[in-house]
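Novice: Sequence:
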Amino acid sequence: MLRNLSFKIINALPGILITLVIGIFYINKGYTSYDDTLTLHFVKLSHSDNPIWLTKDLHTLLYNFLLYLIEWIVPLDLRKIHFINLILSLASVLVFYEIARDQITKRVISNIVTAIYGALGIIIIYGVQGRSYALFILMSLISTYYLLKYSKDEGKLNKYLLSSVALMYSHLIGSLLVFIQMICLLVFEKIGFRKLFKILFIYVLALVPIAALLLYYYDIGNLGEIYSWVEQPSFYKTYSWFKKFSLDNKINLYTHLIMIGTSGFQILRSKNEREKTLIVYLFSWMLIPPIILYFKSILLFSVYLTRSYYSSIIPFTLLTGYGANLIYKKMKNKVWKTILLLMMGYLCISQAHESGKRPQIYNLIIDQEVINTKDRKEIYYYPNNFALNIAALKAPHCIGKKFYNECLESENIFSLEKLMELKKKETIYIFKDDKDKNREIEKMIKQAEVIEYDDISRLYKIKLGPQKEPYKN
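Residues 242 to 714 (this note's numbering) are what the sequence shown spells out, left to right.
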């Protein structure tokens, strides 16, 4: 078994190395975000206070529960969480290679496509960010692997069901992907009544707690927490992720589209039901979630977060490889075959290069300074500030919620360094022509205790006061 695993790792090595290098680059840069601090906050509180804090996060529970178990063994901090997610991302590359190797006959193309996924996945799907995305992607790949295995071996049904239920609990969007898988099973696979009843029964049992969790989120107001992150629904933006997946490189984009178009054309020509199952499933996975979220956001309430369907990078890349494999098999001339392989190699190198220089895709800490705006004399704007993120969650010994609201109102959000600098000043002038508000903000800044990253652990050694609800918008 270990020998077989070693062989698979060696074959997937280009993708694994690219993911590893880019992931370590981002971790060593020290990038973090509001989401990272949110995850760490809830996991720490679930240990020091009550496990009920695991349910306060607006995600299904599997990822936070995994961190909760790890916290028993090793006390977590932001860097450790990033490394855990990097390990999950590396595992995703390995499973991706397994799927590519099974479906793409030319081994070198499956290796190149895995490397392309390694370059894109770690960036596009927030591979090291301290949220559930890395686990969600891994479970998406594992459930897809067993779904495709089931089409050849019905004995894999139980493994598929287990992985698909885990997928539901890794992210709220996971249930949508399982629904697409279920439709493909019903349409393309001959499922007897007994198996169909078993599948539906297990899915209903799995969905009941998820539905209860959604009602609970609604009841405590957690659904409102995402509104500040929700984007305006845009049909153009819904499918402009083709461009984002190509990292805004037109040559890469056209190469992907040619290969994906070739895969789509194969649906019309193929008489192989298993091949049709694969291609239809991948296209459905790539195209359906964005459009469902778009119309749901227009007709009901907005949950339009483009990152929610960035898992489409998986079918996007697999279809690129599948199309390249079809073209390769049709070619008779070795020169043209070599040119195709070189083009795929260029695609991989180009996207790995672009990924390595794009921290802004992460929407992480990028300091921006805006001076002399119309309404304010001076504004220092630092997105995703650690201290204010903790304040938003009503952590003790930190900046008050009222100050946080004032900052959001005025767009004055300060870095730790800026706060420490302000605390030393005799007069703090932030709001133009509003002395009362300036005095109030000045007092809050003077009283605020600025907490360094390394000192975060002491927050969770202190029990919270009687008000234990997280901050609601």
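Hints listed in this document are in silico derivations from the structure and should not be mistaken for laboratory results. Idealized CB from N, CA, C, for every residue including glycine. Be aware that one or more of the hints could be misleading.
[To be verified] The list that follows gives simulated cross-link-like pairs (lysine to aspartate or glutamate, EDC-like), each with its CA atoms no further than 20 Å apart:
#, residue 1, residue 2
1, K570, E516
2, K436, D394
3, K400, D318
4, K347, E516
5, K512, D343
6, K390, E514
7, K390, D343
8, K491, E516
9, K249, E339
[As the list claims (entries may be wrong)] Quick list of the computed label-pair ranges, beta carbon to beta carbon:
#, residue 1, residue 2, range
10, K321, N513, 15 to 25 Å
11, R515, N245, 40 to 50 Å
12, W577, L310, 48 to 58 Å
13, G586, I443, 40 to 50 Å
14, N245, N513, 22 to 32 Å
15, V449, N513, 34 to 44 Å
16, F429, N399, 31 to 41 Å
Novice: All the hints need checking, so say for each whether the structure fits it.
Specialist: Each hint, compared with the structure:
1. A hinted pair counts as satisfied when its Cα atoms are at most 20 Å apart, and K570 with E516 qualifies at roughly 15 Å.
2. Proposed proximity of K436 and D394 is supported: the alpha carbons are some 14 Å apart, at most 20 Å.
3. For the hint pairing K400 with D318, the CA-to-CA distance comes to about 33 Å; that exceeds 20 Å, so the pair is violated.
4. Restraint check: the Cα-Cα separation between K347 and E516 comes to about 16 Å, which is no more than 20 Å; the hinted pair holds.
5. Taking the CA atoms of K512 and D343, the gap is near 19 Å; set against the 20 Å cutoff, the hint holds.
6. Only pairs whose Cα atoms come within 20 Å are accepted, and K390 paired with E514 is accepted, the gap being roughly 14 Å.
7. In summary, the hint linking K390 to D343 is supported, as the alpha carbons are separated by about 9 Å, within the 20 Å threshold.
8. A C-alpha spacing of about 29 Å is found between K491 and E516, which places the hinted pair above 20 Å, so the restraint is violated.
9. Under the criterion of a C-alpha separation no larger than 20 Å, the hint pairing K249 with E339 is consistent with the structure, at around 8 Å.
10. About 46 Å separates the C-beta atoms of K321 and N513, a value inconsistent with the hinted range of 15 to 25 Å.
11. Checked against the hint of 40 to 50 Å, the C-beta distance between R515 and N245 comes to roughly 24 Å, which is inconsistent with it.
12. For W577 paired with L310, a C-beta distance near 53 Å keeps the hint of 48 to 58 Å intact.
13. With their beta carbons about 43 Å apart, G586 and I443 fall inside the hinted range of 40 to 50 Å.
14. Between N245 and N513 the beta carbons are some 28 Å apart, a value that agrees with the proposed interval 22 to 32 Å.
15. One distance hint, 34 to 44 Å for the beta-carbon pair V449 and N513, holds here, with the actual separation near 38 Å.
16. Judged by the Cβ atoms, the range 31 to 41 Å given for F429 and N399 is violated: they are separated by roughly 20 Å.
In summary, the numbered hints that this structure violates are 3, 8, 10, 11, 16.
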